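Chemist: Residues per chain, in single letters:
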Amino acid sequence: MLVVDLLLALAALATAGQCLLLPGLFRAVANLMAFGLVMALIWVRLEAPDVALAEAAIGAGITGALLLTALGQLPASQRDIQPARDGLPRRIIPITILVLLITGMLWAAILGLPKPGLVEEVATLLPESGAEHAVTALLLNLRGIDTLLEITVMLCAVATIWSLQQAIPPPTLSHYYPGLPTLARWLHPLFLLMFSYFLWQGTHAPGGAFPAGALLGAGGVLLLLTGSIAWMYQRAYNLLLRWLLAAGLLLFLITALAGLLMTGTLYGLPPRLAGYFIIAIEVATALSITLMLMTFYLFGRPGAQQ
Amino acid sequence: MRELLGAGFILLGIPFFIASTVGLLRFPDVYTRLHALTKVDNVGLGLICLGLAVQASSIAVALKIVLIWGLILLASSTGATLIASSALRHGPPPLRSDSDDSHAGR
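Sequence lines, in order, name chains A and B. Our numbering applies: residue 1 is where the first sequence begins, and numbers increase by one. Our numbering applies: residue 1001 is where the second sequence begins, and numbers increase by one.
In short, the hints are calculated from the structure, not lab data. Relax, there's no trap hidden among the hints.
Anything over 12 Å on all C-beta distances counts as not near chain B; from chain A, calculated:
(1) Val4
(2) Leu25
(3) Pro89
(4) Leu98
(5) Leu118
(6) Val153
(7) Leu250
(8) Ala304
Across the chosen pairs, the derived CB separations fall in these ranges:
(9) B:Leu1067 <-> A:Thr172: 24 to 34 Å
(10) B:Ala1019 <-> A:Val153: 44 to 54 Å
(11) B:Val1066 <-> A:Leu260: 43 to 53 Å
(12) A:Glu47 <-> B:Ala1019: 31 to 41 Å
None of the values given here were measured: they were computed from a predicted structure. Beta carbons: idealized from backbone N, C-alpha and C, even for Gly.
Generate the whole structure from the sequences, applying the supplied hints.
Modeler: Okay, structure coming up:
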């Protein structure tokens, strides 16, 4: 398998290099998407299938489609921006030094890791955490604050997009490309099935809120871009949309406060109740992630006065 | 026996991948390249999925592999149609070999 690993590493370097060095924005975006797919394969090789799924769905799929849509809305004069290539020979020495420095720091960090890691500690805490799978227990209980901050960052991104401009409704495609809306509608039950499966699987196997939300988000973006979801643009549903977007974060905070009230420490959930809290948080977080990924594709604030 | 059958199907599928990669690199315009690419998804991937499904440990796994093939068929045919119709609307018209064709260069 060494050959496969080497090929993957080479492919990652090659796509990253092409993304940065080749002229033309379209080529850069295409290479970035290929890079995301290669990274997903590398995560599979590192035996982290949940990270691989999130990387494939978010890194390659949703980000790539977002960049492609943005590219489509640029005026033609700005699409052929050339990368600054002239200064490359001059910059090659500082770049090399920087890369070597970062590699050295990472290497030192790896050497400094406690042997054999924290697996034992997590395993002893697992019965008290309310989840049966170590990754889920880590993400939602033991290191819940990390997940909380991640969701906050995503909510900030939505707020930033909404503050830029009004939402742009999707173009009417069904006249020119009748196949696409039909495919999006036919596939959506399958997206829903996979979403429920990952959510259910999260307590005892790789899966959980982030991969599930990313998957349903991808299906939702497909529906949104083909104009099959009208309610998100309507003023009447704006308040509901805002509450749903914040649901994951709010439930997380409520849990933290409840832990504070019940046991005296933030997030100090009693083991008896932790399982129920984790399920509630996981469902709410997954739904919020789905909707947040979809609202990126509104390209602005929905629900304007008509 | 099943191992051999599966390996046979996979070996049959590989030439389709090679041929359509060559086609993707050598064909002159977007329509013919699409034509080359769809052969991989239909026949090449179909044969490889069949080979893997024959070797699968259970019927459920085999059905999942066939489902993957079916989904890729749906997605790739829709994608190919989208790219082709988008190219027809905005891009260059298809190349034609005989310039006497009355429809040429429409």
